[in-house]
Amino acid sequence: MIALQVDNLCVKADNRHLIENITFSVEEGRIIAIIGPNGAGKTTLIKAVLGLIPYETGTVSLFGQPFKNNHSDIKVGYVPQRLEFDRTIPLTVSELLGFTLPPLYSVPFLKKKGAREHIDGLLNIVGAQALARRSIGSLSGGELQRVMIAKAIVNDPKVLFLDEPASGVDIEGQERFHDLVKRLNREKGLTVILISHDLNVVYRYADNVLCMNRKLICKGRPEETLTDEVIKSMYGEMMGAYTHSCHEHD
Amino acid sequence: MISEFISYPFIQRALLASVMVGILCPFVGNFVVLRRMSFYSDAISHSAFAGIAAGALLGIDLSLSSIIVAVFIAVVIAFLSEKTGLSHDTVIGIAFSGAIAAGMLVMGMLKGYRTDMFTFLFGDILAITERDILMIFFVGMLTIIILLTFLKPFLQITFNRDLARVEGISVRFFEYLLFLIIAVVVTVSLKIIGMILVTSLLIVPAASAKNLASSMKRLFVYSCIFGVVSGVLGLAMSIYLDTSSGPTIVLVSIGIFFLTMIKRE
Ligand SMILES: Nc1ncnc2c1ncn2[C@@H]1O[C@H](COP(=O)(O)OP(=O)(O)OP(=O)(O)O)[C@@H](O)[C@H]1O
Ligand SMILES: [Mg+2]
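So the sequences go chain by chain: A and B. For reference, each letter of the first sequence is one residue, going 1 to 250 in my numbering. For reference, each letter of the second sequence is one residue, going 251 to 515 in my numbering.
Be careful, since some hints might not be right.
To give an idea of the chain B side of the interface with chain A (calculated C-beta under 7 Å), a few residues [claimed, not checked]: (1) F387; (2) T393; (3) I395; (4) I396; (5) K402; (6) N461; (7) A463; (8) S464; (9) M466.
No wet-lab data here; the hints were simulated from the structure. This structure is a prediction, so every number in the text was calculated from the model and none was measured. We put the beta carbon where it would ideally sit given N, CA and C, even for glycine.
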């Protein structure tokens, strides 16, 4: 089944196309990586797909249903590239995760059976168990990113949108996180849309890759798609030798 | 002496009112502080002035007319900021000055001196009637039930609107609802604390609580405690010192604020 179908998506700002005619689809249970240089429109694409910014033309559907502002029952998780929030907000990590936990319309702060364990378990998975009682504004960049990853999966989403989720996370954390994504993908059939600049990650984890620079450049399996030409055209000559060194490692 | 005072029904009503407003205003005020809406709250309370003037002119109940106008102004502000793309404070400034100007015009048309209008301007907790108490009670209960039921979406939106939207929360609906709730709470508290000072009862206890609290739960608990203490202590002091109740209550809450600043250091 097609989990995500995007057709002819165009986003404009100040009479300039930020992304143009992007069409792609993601099969359920697949991991797709989106790559492209800085300013290519990757974040714009994900935000438009999620209905967070308006798009000029195009359609987005999730499991066959039109997807706008996520009023469907299909849960999605999202880790933004840069999270903006008021750092002085008195809010602990476990409170934040608790607010995301269903049912949405219920009084928080009340001890609910299993909720505590569920949240602690999640924090454990992302290696943030020690942060449960910390105030969200006091976390370091990498710590916050771990918590946001836990928040994105707290209510068992079907599709996960990750915008450079591992940026700022240390090597141990990156490894742990990518393994976690892969595990959720394998065990729960989670569909993942992942923006990354790390081609190693793309080779190791993604079933498909989508290269873009405002327009779609190419898509397909990483080994077949990421040729020298493609990398060069996206990133310039400097990166030309990258794919070779990568194949040598593998 | 205390027991003698307490036996007066108007003192009992004043006490009850200060406890209720002391819980209600800071509870809502937490959102005003977290979302930086104190100018909005101020604008609403001052807009209620137009409602009071209009009520006096038309000879309808002043509480009712002030609520109607405050809610109307709230809707205008929400509508304008959505349609124009101007910043919130600009839109609030426009709606606010319009309401004040209209209120002043209407007031000029009134004949004679209306003391009950001044109750709304400066507040008079000792003039609270049983009907006022009932009104605050029902509005307060309703507000707190709505806020508690929707606390998760409200707080998610406060944390980050994009993430809230991805969770399937209708950000627009809840923001309108919050605008409305603040408008109603401000207006029902007018008679007690006065339109000039009512915003301070929303934000000062909440700000004091924010100085101390490390979690959302504590923020809500502390702010309500500070609100009730300010209300009751302020009322007692105003009776004892024979000062106006509204300003005394507000000064007590500001005293608490400075104490929490010291603690924070
Ligand atoms: N609201 C906006 N108005 C105008 N231009 C915008 C807006 N948001 C983004 N842009 C522009 O759109 C382009 C694409 O930005 P986007 O953040 O999608 O890139 P990206 O591929 O995610 O880059 P990075 O790798 O740095 O994260 C950039 O040139 C940016 O300046
Ligand atoms: Mg980006």
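Evaluated hints:
1. F387: violated, 20 Å
2. T393: With Cβ-Cβ at 14 Å, over 7 Å, it is violated.
3. I395: violated, 10 Å
4. I396: violated, 11 Å
5. K402: holds, 5 Å
6. N461: violated, 9 Å
7. A463: holds, 4 Å
8. S464: holds, 5 Å
9. M466: holds, 5 Å
Hints 1, 2, 3, 4, 6, counting from the list given before, are not met by this structure.
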